[in-house]
Structures are given as structure tokens and as C-alpha cells.
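Work out the full structure, taking the sequences as your base and the hints as a guide.
Number of protein chains: 2
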Amino acid sequence: MRTFVHHLGNHTWEGVPILKYKEEPGTHFKQITRQVLSDCSPDFKTQLRYFEIAPGGYSTLERHQHVHQVLIGRGSGHCLVGGQVHPLAMHDTVIIPPLTWHQFRATGSDPLGFYCIVNCDRDRPQLPSAEDLKALAPSARDFIRI
Amino acid sequence: MRTFVHHLGNHTWEGVPILKYKEEPGTHFKQITRQVLSDCSPDFKTQLRYFEIAPGGYSTLERHQHVHQVLIGRGSGHCLVGGQVHPLAMHDTVIIPPLTWHQFRATGSDPLGFYCIVNCDRDRPQLPSAEDLKALAPSARDFIRI
Numbered sequence: 142m143r144t145f146v147h148h149l150g151n152h153t154w155e156g157v158p159i160l161k162y163k164e165e166p167g168t169h170f171k172q173i174t175r176q177v178l179s180d181c182s183p184d185f186k187t188q189l190r191y192f193e194i195a196p197g198g199y200s201t202l203e204r205h206q207h208v209h210q211v212l213i214g215r216g217s218g219h220c221l222v223g224g225q226v227h228p229l230a231m232h233d234t235v236i237i238p239p240l241t242w243h244q245f246r247a248t249g250s251d252p253l254g255f256y257c258i259v260n261c262d263r264d265r266p267q268l269p270s271a272e273d274l275k276a277l278a279p280s281a282r283d284f285i286r287i
Numbered sequence: 142m143r144t145f146v147h148h149l150g151n152h153t154w155e156g157v158p159i160l161k162y163k164e165e166p167g168t169h170f171k172q173i174t175r176q177v178l179s180d181c182s183p184d185f186k187t188q189l190r191y192f193e194i195a196p197g198g199y200s201t202l203e204r205h206q207h208v209h210q211v212l213i214g215r216g217s218g219h220c221l222v223g224g225q226v227h228p229l230a231m232h233d234t235v236i237i238p239p240l241t242w243h244q245f246r247a248t249g250s251d252p253l254g255f256y257c258i259v260n261c262d263r264d265r266p267q268l269p270s271a272e273d274l275k276a277l278a279p280s281a282r283d284f285i286r287i
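Sequence order for the protein chains is A and B.
Residues 142 to 287 (my numbering) are what the first sequence spells out, left to right.
Residues 142 to 287 (my numbering) are what the second sequence spells out, left to right.
Accuracy of the hints is not assured; some may be wrong.
Said to hold, decoys possible - In silico EDC-like cross-links for lysine to aspartate or glutamate, where the CA-CA straight-line distance does not exceed 20 Å:
1) A/Lys186 / B/Asp184
2) B/Lys275 / B/Glu203
3) B/Lys186 / A/Asp180
4) A/Lys186 / B/Asp180
5) B/Lys171 / B/Glu203
6) A/Lys186 / B/Asp262
7) B/Lys186 / A/Asp264
8) A/Lys171 / A/Glu203
9) B/Lys186 / A/Asp184
None of these hints come from the bench; they were simulated from the model.
Here you go:
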């Protein structure tokens, strides 16, 4: 278990690789990096990750049974949670309830950086079907990027 | 379950009371506040809290079986983890292993603010006996405040 993870500046950490998030063939523009700031262990089944979305980028529109909590660490943006779009600024925190469609977007001129707290044991995200997209509120449909 | 906890400025949040931390009769100078930024629920058994220690203040020297992860959110300071004293600055993160003596101190002229991620189900902290204090490394003994 790593005990101390030292911040090097500009939201990078000592010994923590900067990973590309979900870069799969055919994936649309997303521009997200991921850094894992704690290891899963039998003693601590919670993980802290730092994500950063470049201006104009966005996270995958998805839902899952597991809950996660997000804490904004840098910049600003917006998120969809269920039917509602929220503005996001430094130190805001968002708890995504089970099976709730959500998406984060860096809507401003700065990157949107956020910490995400999640259980190590979790289900895989679900992607929306055409039916799911149709069922979204109009304001949510205007907001999302697929 | 609260979904959105909006930051009001100066590390205070909408609808989140600022609690005094462990103010018991006979307690020494500590100067800590606590704000709870998520509720425990069957769906999410992890809690995010924000603590702030005034300059010169310190957390209780304690240990427990449960692990917690700390993320520095404001100012600077030092912490003891086991036998070692670490400097702390913004965005550093510290994972406290099981049954490891630890204490946070706001050693600078600014408050030391930090987020703490912890399981909702956890054991109570243990305080050090005179024997435990004697067993600490000399640098740890110099650092601690009881």
C-alpha cells in the first residue's frame, strides 16, 4: 500500500502514470486523462482517481449500479446527472446515484479536473440505447455528447 | 442521498454544517472543524469529510484498524504516519495504513484543510498509552502534540 503520494505540480503526482481514459478504436473525441491515486487492497476497498478533461472534452454518457462521488479539483464545467444539468466549479461535489445517466463536460476554456471516489468492487458501466436517449429530458438531450 | 453539494466559497458548502471536532471537556487545544460532504447509505458506504485545522492546531494522535485516505485541499502542514513525519502541500495525498499512529498538524501560518475518505463502517480510534508513546521514534516524539 502506497502511503504518501506527493503532488509534483499541475495536477500530476510522483510515481503516478497519466493514463488515457477509454481510448478505444471508434471512440469519439473525449480528451480525458486518468491518474490513480490509491491502490485497492483488502484493507481499503475504495479508490481515489483524478480525471482531467481538456476544454471541449467530455466523459462517456453512462450509468451503473455503483455510486461514485466526484469532487471538482480544477477549472469548471457542467455535468448531467439524471435529467438535470449542473454547473460545476472548484470544490463542488456530486454524488451519482445508482443507475443514473451522467456525463461531465469541460464547457469552459479551462480543463475540468475532478477527483472520483469509487468502490473497488463495482459493476461495469452501461451505455445508452437509442430508447434510453429518447427517454432523456429535452435539456439533457441538448447537453449530451455521444 | 444528496446528489449535489455546492461550494459556497472559503471551503464551506451549501447545507453543510461546520462542526467542531472532538471538543470534549479536558481536550487540549486542537482547533479543528469538520464538514461532512456525503451521507452514508446502503448504496455508498464511503464518506467524504472536509477537516480544517487552524494554524498551530492538530488532530488527535490516534490509530485504528480502518484505513483512510487524506487529500490536502488548502494550505500546508505536516503529518506523522507511523514513524515518519511528512511535509504536506496542496493536492498531496496520504493513505493511513491499519493500526498506524498518525497526527496532522497545521505547522504553517495558514490553516491546513484536507478531505478525508473513509468507510462508513469503521472501528473507533485508539489513543496512545504511555508505553506506546515511549515506543515512538525520537523524531515522532518531537513532532507529536498530546
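Cross-check of the supplied hints:
Between A/Lys186 and B/Asp184 the CA atoms are separated by roughly 14 Å; this keeps the pair inside 20 Å, and the hint holds. At most 20 Å may separate the alpha-carbon atoms for a hinted pair to count; B/Lys275 and B/Glu203 meet this at roughly 15 Å. Under the criterion of a C-alpha separation no larger than 20 Å, the hint pairing B/Lys186 with A/Asp180 is consistent with the structure, at around 18 Å. At roughly 18 Å between alpha-carbon atoms, A/Lys186 and B/Asp180 fall within 20 Å of each other, so this suggested pair holds.
Under the criterion of a C-alpha separation no larger than 20 Å, the hint pairing B/Lys171 with B/Glu203 is consistent with the structure, at around 14 Å. Proximity of A/Lys186 to B/Asp262 is assessed by CA-CA distance (about 12 Å); at most 20 Å being required, the pair is judged to hold. Of the pairs offered as hints, the one joining B/Lys186 and A/Asp264 holds, with about 16 Å between alpha carbons and a cut-off of 20 Å not exceeded. A C-alpha spacing of about 14 Å is found between A/Lys171 and A/Glu203, which places the hinted pair at or below 20 Å, so the restraint holds.
Proximity of B/Lys186 to A/Asp184 is assessed by CA-CA distance (about 14 Å); at most 20 Å being required, the pair is judged to hold.
Violated hints are absent here; each numbered hint is respected by the structure.
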